[in-house]
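Residue numbers (UniProt numbering), protein chains in the order written: chain A, 1 to 371; chain B, 1 to 318.
These are calculated hints, taken from the structure and not from any lab test. Among the clues, some could well be false.
Under the rule of at most 30 Å between Cα atoms (straight-line distance), these lysine-lysine pairs were calculated in the DSSO-like manner [what the hints assert, rightly or not]: (1) K62/B - K57/A; (2) K212/A - K206/B; (3) K166/B - K57/A; (4) K142/A - K62/B; (5) K280/A - K178/A; (6) K99/A - K62/B.
Chain B is faced by these chain A residues, among others (derived, beta-carbon under 10 Å) [claimed, not checked]: (7) L25; (8) A189; (9) G194.
All C-beta atoms, glycine included, are put in the ideal place defined by N, C-alpha and C.
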Amino acid sequence: MSERTLPLVFINLGGEMLYILDQRLHALNTSDDNSEKVMNDIVGTMFGKDFMDELLKPQQLYSHRTMKTVLTRLAHASIMRLNPASMDRLYELMVMAFKYQVLLCPRPKDLLLITYNHIDTIREFVKDTPVVGNKVDETHRKIIEIYSSLPEGEFQLLRQTLLIFFQDMHIRVSLFLKNQLQNPNGRFALSTSGPVPYGMDVPGLIRTFDRKGREVRRSEFPTGGSYTSPIRKGCFELHGDRVIRLGMNMYTVNHPEETHTSKAHSVKVITDDTPNLLAKEELNLLARLMGSMKADDMPKTETGFQINLFTTDQEEEEEPLFGVINIQAMQDEQAATQLAQIAGQFAEGEEQPENLSSSKGDDLLAMMDDL
Amino acid sequence: MYHKEKSIQVKNSASALYNNLGVLRIAPRHLTYFTVVHANVVNMVSASWDGLNYSHRQLQSKEPNVATSTSLIMQAAFCPLPSRDLLVVTSQKGIQMYESDGSIMVYWHALDTPETPTAQAVFARGISAVRESYICVGVSSGAILVFDVPIKGSNITLSEVLKEHKESITDIAPECSGQPGMECIADLVSADDGGNLYVDCIILWKGTVVAGYGTGQIHLYEAVTGILHAEINAHARWIYSLDIAPFSGLLLSAAEDSLVRVWHLTMTPETNSVEVAHLHNECVTDTQICGAKFCDGDGYAFAVTGYDLSEIIRYTQS
Chain A
1 MSERTLPLVF INLGGEMLYI LDQRLHALNT SDDNSEKVMN DIVGTMFGKD FMDELLKPQQ
61 LYSHRTMKTV LTRLAHASIM RLNPASMDRL YELMVMAFKY QVLLCPRPKD LLLITYNHID
121 TIREFVKDTP VVGNKVDETH RKIIEIYSSL PEGEFQLLRQ TLLIFFQDMH IRVSLFLKNQ
181 LQNPNGRFAL STSGPVPYGM DVPGLIRTFD RKGREVRRSE FPTGGSYTSP IRKGCFELHG
241 DRVIRLGMNM YTVNHPEETH TSKAHSVKVI TDDTPNLLAK EELNLLARLM GSMKADDMPK
301 TETGFQINLF TTDQEEEEEP LFGVINIQAM QDEQAATQLA QIAGQFAEGE EQPENLSSSK
361 GDDLLAMMDD L
Chain B
1 MYHKEKSIQV KNSASALYNN LGVLRIAPRH LTYFTVVHAN VVNMVSASWD GLNYSHRQLQ
61 SKEPNVATST SLIMQAAFCP LPSRDLLVVT SQKGIQMYES DGSIMVYWHA LDTPETPTAQ
121 AVFARGISAV RESYICVGVS SGAILVFDVP IKGSNITLSE VLKEHKESIT DIAPECSGQP
181 GMECIADLVS ADDGGNLYVD CIILWKGTVV AGYGTGQIHL YEAVTGILHA EINAHARWIY
241 SLDIAPFSGL LLSAAEDSLV RVWHLTMTPE TNSVEVAHLH NECVTDTQIC GAKFCDGDGY
301 AFAVTGYDLS EIIRYTQS
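My request is simple: use the sequences and hints to build the entire structure.
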């Protein structure tokens with residue numbers, strides 16, 4: 001499918017991650033200094049030239065496992081430390097938010113507007129640190145350069161590739177449920193009313209023509225929905241009104257309550273029947289991405305701080321929801337070992353995972369703890 | 001006009017791909033086969049007409065070697081030919097052809113994939129049986145591969161490569177007037193990615209091209225001249241599937257806007273004109289539809305698939 005998904009995946013998922021981190025850091029009364037440092041460090045690494053250049057190379061979209069490993073590493077590019085349960089929840093929130101945005105994206109090209117909404121907010125987060133702000137601008141320019149000229153069909157292919165990536169994920173997010181964007185069964189609500197996407201016509205009209213191209217008849221038909229004309233076009237430049245709201249920060253200070261995720265009752269755990277050996281290509285990508293997160297972007301100070309993003313009662317009563325990872329761990333320990341080894345090589349200032357050689361039988365999640 | 005029947009449960013959910021539903025009616029055995037694509041797997045269900053027996057099968061996309069990552073399937077479609085029916089599956093790596101029940105793979109054609117990925121994705125999409133013994137498959141480069149299919153056996157050969165298009169093929173359709181032996185002026189119509197209006201579904205019926213667009217519009221053209229007969233503002237989102245019941249002229253359209261619509265096409269040969277009337281709507285709540293097909297040549301029943309849904313929804317005329 002599409003070979004251009006990675007940059008959009010990272011910017012959008014990374015953006016959602018930053019929105020959540022920002023909200024939680026404020027809710028937990030973290031000092032302004034620490035908050036700013038965390039955001040600057042993560043954004044600086046994510047938009048670092050080497051990392052972005054790796055992402056921009058044409059390549060496949062790999063597994064959730066790889067994405068999560070890299071995003072965890074990105075989160076730990078700051079002085080903040082997340083425990084594995086927090087990281088799991090965080091990933092679920094990020095992915096469900098992006099899935100919602102991709103699903104409801106009015107036209108395939110509007111995926112760029114969603115991405116630019118994320119970039120605009122990220123730019124705000126780091127506005128007091130010009131060095132990092134420049135990196136964001138530079139990346140934004142590259143994205144505009146590469147993606148602006150793609151035809152609509154290419155964007156639809158990109159969107160279809162992303163939808164396959166998100167398939168079967170129905171984790172319930174309290175904020176979505178509250179705003180009725182998501183049903184209790186975990187599925188998103190799709191409306192049959194409202195404005196049609198920019199460039200489309202409101203349904204309901206049949207026009208018939210004669211052989212000379214003159215319209216000879218018009219008739220209307222009932223559409224089963226109530227559609228209105230499109231709103232204005234969004235701006236695809238470096239700055240401007242994006243118009244569509246998908247990709248904007250849902251976790252503003254007006255929603256101080258914590259957002260949590262839960263499994264819908266009828267959701268079956270995703271089982272992957274195909275042997276999912278981490279293909280050589282995927283491991284290569286992982287190694288390149290980890291390597292491109294520069295050493296001097298890593299914090300030198302030892303004074304990190306632990307953060308528990310979500311309340312412990314929640315964690316105790318719910319079983320790990322991201323069933324995919326648990327099941328795969330049983331099936332391909334060799335791949336899990338390789339993954340942990342690569343991740344372990346880049347663990348700056350943290351102890352090297354000692355137990356790798358005797359890792360057979362270890363839970364993959366335990367290995368991720370060593371990151 | 002139509003009412004909902006009992007759905008058929010499928011092992012996996014449907015992926016968001018165009019024309020993601022294959023239907024083949026096996027009248028002598030009172031069975032209908034259905035195919036739904038999920039990432040790198042084709043789910044096949046064989047359903048008996050009395051609704052009592054269902055059997056399931058899964059087909060995987062073929063990997064050239066173990067070291068590469070999984071190849072995603074773009075489309076699975078049945079190709080009914082006079083002598084035999086085949087199931088064709090297209091993916092990022094190539095084209096697989098099976099006996100219609102999915103039991104044996106009779107042919108594999110690998111696509112030329114470059115060593116390091118280029119920006120242009122490589123895949124095959126757009127499947128059609130043409131005339132007596134050909135199967136045509138579109139490729140992302142814009143080429144259409146024409147395969148010669150013998151009456152039986154696996155000696156299928158690539159006989160020709162048509163290079164009319166410059167952009168990725170989105171869909172191909174044969175002339176399906178439903179009247180065997182009739183002279184066809186045009187055999188095949190194909191659509192591609194290029195241009196401002198993105199065509200993703202196409203049908204050719206009695207010399208009329210019916211095209212479904214990313215703008216939600218359906219256009220009817222005279223095949224030979226390209227003259228526009230009619231333009232319908234049909235859907236509020238991208239159209240994902242079009243199908244025609246050749247004996248009755250019923251047209252089915254389905255889109256990401258959750259709606260399936262049934263239309264009626266009438267030809268007036270004297271005036272060379274085509275009329276289209278809207279007959280019926282079905283809304284599949286909170287679902288982006290990715291496949292909709294009639295289950296028979298008269299349009300008495302149709303089936304629908306949607307992204308993230310693990311069932312095939314069926315409707316029958318009341």
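Hints, verified against the model:
no.	hint	in the structure
1	K62/B - K57/A	26 Å, holds
2	K212/A - K206/B	21 Å, holds
3	K166/B - K57/A	24 Å, holds
4	K142/A - K62/B	36 Å, violated
5	K280/A - K178/A	43 Å, violated
6	K99/A - K62/B	28 Å, holds
7	L25	33 Å, violated
8	A189	6 Å, holds
9	G194	9 Å, holds
In this structure, the hints that do not hold are numbers 4, 5 and 7, in rising order.
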